[in-house]
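Each protein sequence line maps, in turn, to chains A and B.
Each residue of the first sequence is one higher than the one before, starting from 1 at the first, in the numbering used here.
Each residue of the second sequence is one higher than the one before, starting from 1001 at the first, in the numbering used here.
Source of the hints: derived by calculation from the structure; they are not laboratory data.
Bear in mind that the values here come from a model prediction, so they are computed numbers and not experimental data.
It cannot be assumed that every hint is accurate.
Okay, the calculated bits of chain B under chain A, using three or more residues with CB under 8 Å as the criterion [said to hold, decoys possible]: (1) 1043-1055; (2) 1105-1113.
Computed list of chain A residues with no C-beta within reach of chain B, every gap over 10 Å [to be verified]: (3) V13; (4) V19; (5) L20; (6) R22; (7) S28; (8) L44; (9) E64; (10) K68; (11) K69; (12) H75; (13) P79; (14) G103; (15) T109.
Think of the CB as a built atom: it goes at the ideal place given N, C-alpha and C, for glycine as much as any other residue.
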Amino acid sequence: AQSVTQLGSHVSVSEGALVLLRCNYSSSVPPYLFWYVQYPNQGLQLLLKYTTGATLVKGINGFEAEFKKSETSFHLTKPSAHMSDAAEYFCAVAGTGNQFYFGTGTSLTVIP
Amino acid sequence: GAVVSQHPSWVICKSGTSVKIECRSLDFQATTMFWYRQFPKQSLMLMATSNEGSKATYEQGVEKDKFLINHASLTLSTLTVTSAHPEDSSFYICSAGIHRGSQPQHFGDGTRLSIL
């Protein structure tokens, strides 16, 4: 079975500060992990994904995530927050049938 | 551009009516599509897996008679909310892909359903 836990339903950072959104997973098969961003009343936009290979994954808008098998983690980071980063972020793990299991989401607020 | 098209994007209708939502894969054939539901300020929950040419597989707790899924072709899946009531109001999102993890699942832009 697959599941994802996102620690922290709300995260606030100052503009220009480091963004760190936490995600831990559980998977009975080698995990395929994803981070999505959702703006109000919109669908999901893929930020980045990990399937195999390099454990440090770079995505769009300056985001990156590192797959750490020993910690069963896939935390999302960005060195410097921008006002436009304010949104809801979802971590997800793909099931064996390609269905997705999402975390509960983290709402990111960027303080000017 | 979008590779999964979802229509309509917003529906408002009276209680008791049935509402059909379409999910189309634009650039590829999808033997499997997925339907998710998202309540306000909450995460996406998988409702069902839509299988082309066969019956959909529903997650536990999802009423199959309430949420009818039809996947009649390799590019189209439909979700029909039958006899909708206010508690069915939600954001419904579909997704489609080809291989597990080989490329990201493509999500539609979602349908916001409001039942009066």
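Comparing the hints with the structure gives:
Under a criterion of three residues with beta carbons nearer than 8 Å to beta carbons of chain A, the stated coverage of the region 1043-1055 of chain B is upheld, 5 such residues being counted. Closer than 8 Å: that is the beta-carbon criterion, and the region 1105-1113 of chain B has 6 residues meeting it against chain A, so the requirement of 3 holds. Non-interface call for A:V13 relative to chain B: holds, since the shortest CB-CB distance, roughly 20 Å, exceeds 10 Å. Against the 10 Å criterion, A:V19 stays outside the reach of chain B, whose nearest CB is about 20 Å from its own CB.
The Cβ of A:L20 sits about 20 Å from the closest Cβ of chain B, beyond the 10 Å cut-off, so the non-interface label holds. The claim that A:R22 is not at the interface with chain B holds, since no C-beta of that chain comes within 10 Å of its own (minimum 15 Å). A cut-off of 10 Å between C-beta atoms confirms that A:S28 is not in contact with chain B; the least separation is 14 Å. Here A:L44 does not stay apart from chain B, with its beta-carbon only about 4 Å from theirs, under the 10 Å limit.
A cut-off of 10 Å between C-beta atoms confirms that A:E64 is not in contact with chain B; the least separation is 16 Å. The claim that A:K68 is not at the interface with chain B holds, since no C-beta of that chain comes within 10 Å of its own (minimum 18 Å). Non-interface status of A:K69 relative to chain B is upheld: no Cβ of that chain comes within 10 Å, the nearest being about 16 Å off. Residue-level check passed: A:H75 sits 18 Å from the nearest beta carbon of chain B, beyond 10 Å.
Every CB of chain B lies more than 10 Å from the CB of A:P79, the least distance being 24 Å, so the non-interface label holds. Some Cβ of chain B comes within 10 Å of the Cβ of A:G103; the nearest lies about 6 Å off, and the non-interface call is violated. No beta-carbon of chain B comes within 10 Å of the beta-carbon of A:T109; the shortest separation is about 14 Å.
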